[in-house]
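Produce the entire structure from the sequences given, and follow the hints as far as they go.
Number of protein chains: 2
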Amino acid sequence: MAPLDYPEAISVTEVCTRDGFQNHKTFIPTEVKIEILDALAALGFAKMEVTSFVSPKAIPQMVDAAEVMSHFQKKWGDRIAGFALVPNRKGAELAIRNGAEALVFVLSASEEHNKANTNRTIEESLSELQDICRDFGGLEISVGLGTSFECPFSGTVAPEKVTRVIDAAFEYGVDHITISDTTGSANPRGLERTLEIVRSRYESAPFALHLHDTHGMGLANALTAMNMGFTTFETATAGMGGCPFAPGASGNLATEDLVNMAGRMGIDTGIDLIELLRVSREIAHKLALPWKSHVASTRIGLDEGVYC
Amino acid sequence: MAPLDYPEAISVTEVCTRDGFQNHKTFIPTEVKIEILDALAALGFAKMEVTSFVSPKAIPQMVDAAEVMSHFQKKWGDRIAGFALVPNRKGAELAIRNGAEALVFVLSASEEHNKANTNRTIEESLSELQDICRDFGGLEISVGLGTSFECPFSGTVAPEKVTRVIDAAFEYGVDHITISDTTGSANPRGLERTLEIVRSRYESAPFALHLHDTHGMGLANALTAMNMGFTTFETATAGMGGCPFAPGASGNLATEDLVNMAGRMGIDTGIDLIELLRVSREIAHKLALPWKSHVASTRIGLDEGVYC
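Residue numbers (the working numbering), protein chains in the order written: chain U, 1 to 308; chain V, 1 to 308.
Since the hints were made in silico from the structure, they are not lab data.
Warning: the hint list may mix true and false statements.
[Said to hold, decoys possible] Here are the in silico distance ranges between beta carbons for each label pair:
(1) U:Glu171 - V:Ser297: 32 to 42 Å
(2) V:Ser297 - U:Asp5: 28 to 38 Å
(3) V:Pro3 - U:Asp268: 21 to 31 Å
(4) U:Glu171 - V:Ser200: 43 to 53 Å
(5) V:Pro60 - U:His285: 45 to 55 Å
(6) U:Lys25 - V:His24: 42 to 52 Å
(7) V:Gly229 - U:Lys292: 33 to 43 Å
(8) U:Thr121 - V:Pro290: 33 to 43 Å
Even glycine gets a Cβ: it sits at the ideal position worked out from N, Cα and C.
If you want it as structure tokens, here you go:
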């Protein structure tokens, strides 16, 4: 029953144009992707996931990754670490050829989801990761560690499956690791248990947390992690997203919901909520989506100016 | 950074047919109200808010309160504490005449919202409460203390405004008090601060917490309160509700979202999630509403049988 303890500031990594877009049902024209990317980048995020270099057969939405990545690096590369998601060495090569200076290698803690998502065993994915770290060591390399808490195929994921991948990744020279609740079904107690094991093993290692809001537990999970001293969170403006290879996974935790909660708690994010909401509304409008984050529905300061 | 601490069990008070219905835009026929009430009562809640005895001019939806209350007492009165919400002595009389054995007297910690909601100053409301406690002392009397954290008209509410009303209410002989986040804009840190002051003042007093999910912080707030040892929560199945006199307030925290999170955390609620979701879906269907709770969107075990 000790009081909760929070950091003074957190850092938010925006993943809308990668994780947010990849599950969108119709193709988003490249110029629209770039407009949204620019609007988000102007908000001041230190890191963003820009796009992913994956098989266009598997995810046709990302067929224009090269163009999007090149644009980003030219326009924002000196100010923002723009990550390209890659599931294998081939993707990494493509990303680098198009200017990427930071990679997120994606694999899952659960064997079943790794297979569904990347068509590889975890061993095979780790081998690709090792090659990438060896061949592209000059770049900033992150691991996006999917299904770190719950797997849509095999249920609750044992923390040992998470630490096994983390052990290997740090051994290969990965710079940081994002522990991901791919399906948004981690609960605060399970999340705390796994994070506690991870943190006790790598006390000062750089971890981020990637959250979805499928069960509405996104902010409760963020709160739990903040109380444990985690300060980097991956979210998507407008709550877009979901994993095409994880049945039932819905949107990412909305960036504005996290920025709003943090702001009300006196925790600095460096992001202006009103500007962020304007961009969020614009995204929903451009993509003909309902404007579905929680804080969006309150329209704080935008239309009615009502504080509630 | 101490680990969060949770109770083994929590108790959920269902308020769908009162707080949920009062903001619904079209009149719900009395027989539909009763069907929903019966379906919810069969789920096993220990306490429910049945209806409210308020001016039909102010809230036309509650014009059939007498019929709904009488039905409930006859059918469920021996098993479930069915509360009638009343804003004044006249409402209390009407409720009792129709069989109510438990009352929730509603007033707000913020002067501005109390005026908007009950057309009385807090002093005037407290005077009504004193009369009710004096005249109907044999009944179970609760206070629903609105805007205990944030007010839609005056912003953050000082904890002293909350304790002022609690002091008076306990002095008059009130049995328990529900501390309410009427607008769903309490943040976990502000909520903790106020609850800490309340609890240090009345260590073993019976408090419940009434939560809305406007900003998506409902579960994060529930988590915070559970960590402080609070074990009674008011929620509405299907996330219905909102205060007609609090601009921007949207639905209550959905009962199924709390029952789902608690269940995944190993905290007993005594409510079967699948049965609850069936009732929730039925409510959405009967009232032609989108089925909007978080966990509803996952359709756990109902249609697809997907665990995620």
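To test your reading of the hints: which numbers does this structure violate? Violated hints: 5 and 6; rest satisfied.
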